[in-house]
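*Asks:* Go ahead and model the full structure; you've got the sequences and the hints to work with.
Chain by chain, the residues run as shown.
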Amino acid sequence: MTAYIIRRLIQGLIVIIAVSILVFLLMRLLPADPLQLYLAQNDIIKISPEDYQTLLVRFGLDKSLPMQYFDWISDILRGQFGDSLYYNESVGTLLLERLPVTAHLAILSIIIASVFGITAGVICALRRGGALDTFLTSAANFGISIPIFWLGVLMIYLFGLYLGLLPLHGYTSPFQDFWMSTRQLVMPVTCMAVTAMASKARQARSSILEVIRQDYIRTAWSKGLRERTIVVRHVLKNGLIPVVTLIGMQVSHIFGGSVLIETVFNIPGMGRLMVSSVFAQDYPVVQGCSLLFALIVVMVNLIVDISYGWLDPRIRYG
Amino acid sequence: MVIEPDIMAESKETMPRIGAFKRFYRVFLGRKIVIFGLFIIMLLVITAVFAPVFAPYDPYEQDMTKHISQPSREHLLGTDALGRDTLSRIIYGTRVSLIVGISAIIIAGIIGMTLGLIAGYFGGWTFAVIMRSIDTLMALPMMVLVLVIAAMLGGGLKNVVIALGIGGVAMYARMMCGQVLMVRENDYIMASRASGASNARIMVRHLMPNCFPPLIVLMTMQMGMMILAEAGLSFLGVGVEPPIAAWGAMVTDGYRYLLTNPILSFAPGLAIMLVVFAFNMVGDGLRDAIDPRLRGTL
Chain A
151 MTAYIIRRLI
161 QGLIVIIAVS
171 ILVFLLMRLL
181 PADPLQLYLA
191 QNDIIKISPE
201 DYQTLLVRFG
211 LDKSLPMQYF
221 DWISDILRGQ
231 FGDSLYYNES
241 VGTLLLERLP
251 VTAHLAILSI
261 IIASVFGITA
271 GVICALRRGG
281 ALDTFLTSAA
291 NFGISIPIFW
301 LGVLMIYLFG
311 LYLGLLPLHG
321 YTSPFQDFWM
331 STRQLVMPVT
341 CMAVTAMASK
351 ARQARSSILE
361 VIRQDYIRTA
371 WSKGLRERTI
381 VVRHVLKNGL
391 IPVVTLIGMQ
401 VSHIFGGSVL
411 IETVFNIPGM
421 GRLMVSSVFA
431 QDYPVVQGCS
441 LLFALIVVMV
451 NLIVDISYGW
461 LDPRIRYG
Chain B
-18 MVIEPDIMAE
-8 SKETMPRIGA
2 FKRFYRVFLG
12 RKIVIFGLFI
22 IMLLVITAVF
32 APVFAPYDPY
42 EQDMTKHISQ
52 PSREHLLGTD
62 ALGRDTLSRI
72 IYGTRVSLIV
82 GISAIIIAGI
92 IGMTLGLIAG
102 YFGGWTFAVI
112 MRSIDTLMAL
122 PMMVLVLVIA
132 AMLGGGLKNV
142 VIALGIGGVA
152 MYARMMCGQV
162 LMVRENDYIM
172 ASRASGASNA
182 RIMVRHLMPN
192 CFPPLIVLMT
202 MQMGMMILAE
212 AGLSFLGVGV
222 EPPIAAWGAM
232 VTDGYRYLLT
242 NPILSFAPGL
252 AIMLVVFAFN
262 MVGDGLRDAI
272 DPRLRGTL
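Here the protein sequences line up with chains A and B, keeping their order. Sequential numbering of the first sequence, starting at 151, is according to my numbering. Sequential numbering of the second sequence, starting at -18, is according to my numbering.
These are computed hints drawn from the structure, not numbers from a lab. Ideal Cβ positions, reconstructed from N, Cα and C, are used throughout, including at glycine. Be careful, since some hints might not be right.
From the structure, some residues in chain B lie toward chain A, with a derived Cβ separation under 7 Å [unchecked claim]:
id	residue
1	V8
2	A212
3	L239
4	F258
*Replies:* Written out as structure tokens, the structure is:
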């Protein structure tokens, strides 16, 4: 087990280093010249070649690409993400401000998606072909096809404008006003959860159906066990492990969705920060956001893999 | 693969004698929802090709006297802020969705499958380097990766396709690699190696065709994903250039007039959902038909 954990940690570390290189290169290899952007942001139109050189040296842009990367990564390891070109704040402060909002939305969405999605999938599989199965399966098929930003617009129209039940947009911290916060979260969390819920239901359904036809389930039936025992002890235990391990993917999808949903509902989280920074060409913020997103995804995958290895010995020796 | 049913028929008298293709079609077309999906896809392709014939108006023609008009007999879905006919714009929007979807899948498929093929075939360090890079690509949420690439390249149809193409690479590489690892254990691979075939020949002539079927399913499913992602990008404003009709951008444009004329936002979104749904259902059907073990489970 220890060897497995160490191996997995090293793998994770390699991916994290590779991600940092990718995020760094993404910004540097693209056509926009960072210094030109800086000048534009600060309304400096004319600049003498000497001053340009001084600035290049000041930002370390005169060095070779690998050296620039090492400067950048060593700053980040010391917690210095650089300064935003657009907001008068350091990227670190911005991220600390925005991360809890997105985390709040994402965690709620993942819980809702997993609970309802897996339950629906299990019900469908156990009562395959029934009316409920037909209904839930079609609902899931629509769920994976719906553009979530459009669902957001629909919900704003129906619940916000037409029925006037929910606030149209915005975000309030639950510590400030819990009731308002919950009311504001209903629509964005539903939108963020819907795709994940639908795909969880589909995965759970097919995984359970796969397990149900295994020999050990037939053995369990022929032993005369009660249906409840078979379902809980044998079917769910074996059928749900692969579904739960896909949670890393799900976190990544939900973060991707936050980019759209936070824009629709005007929520000041990392997703909207990302969008506005991309438009403002505020590359230190874009870098910081992407790196943070990726770090969380890698960490979640790492935790899932390690607990998977702990749950299922076949994995750690494989 | 093709002769398998015949062998079965000889050994077991009860097995019906049907060809692999016939069985494929029977399973594939066995579900009504798959036929519905195929119908929608055909409709989409026909609409895209003959857009000028179907569209009642020029999708770019502005008419300020008809600013945000309600649905009427002349304009079935009303007109937008610039007086352009919504129905015509939705009809022309099929072109953007199809072009972006297909080109992005071709780019992602070629790069991803090549990487997966090389990683799976050579193994060792090649495998480690390629697959860890793919893990890296997958660590970034696809929407984030695609948004950054598309926006930094400056938006527009070409850059959206490039961004989506890069965003889709990881899935193909992973699936291809998994397939190759399985297929390369077959005796016919060893046989062709023993008869002196080069690595390139084994990869292209033997591994590629035998690894391909499950990837067709992925491609169909990805068509839906790519159309969704493109719509998301144009919703955020980094999609195709403004005058061109794109469904995602139409949802954004209509969003401002939600109170007075909600259909401007609803109709293009419905079109996106219908098309994505169709590709997903056809993908499901293909999967059932290719892998009988999973029949009816998805």
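*Asks:* Each of the hints needs a verdict: does it hold here or not?
*Replies:* Hint by hint, here is what the structure shows:
The beta carbon of V8(B) is not positioned within 7 Å of any beta carbon in chain A (closest approach about 16 Å), and the interface hint is therefore violated. Of the supplied interface hints, the one on A212(B) holds, with its beta-carbon coming within about 5 Å of a beta-carbon of chain A, less than 7 Å. Of the supplied interface hints, the one on L239(B) holds, with its beta-carbon coming within about 5 Å of a beta-carbon of chain A, less than 7 Å. Of the supplied interface hints, the one on F258(B) holds, with its beta-carbon coming within about 4 Å of a beta-carbon of chain A, less than 7 Å.
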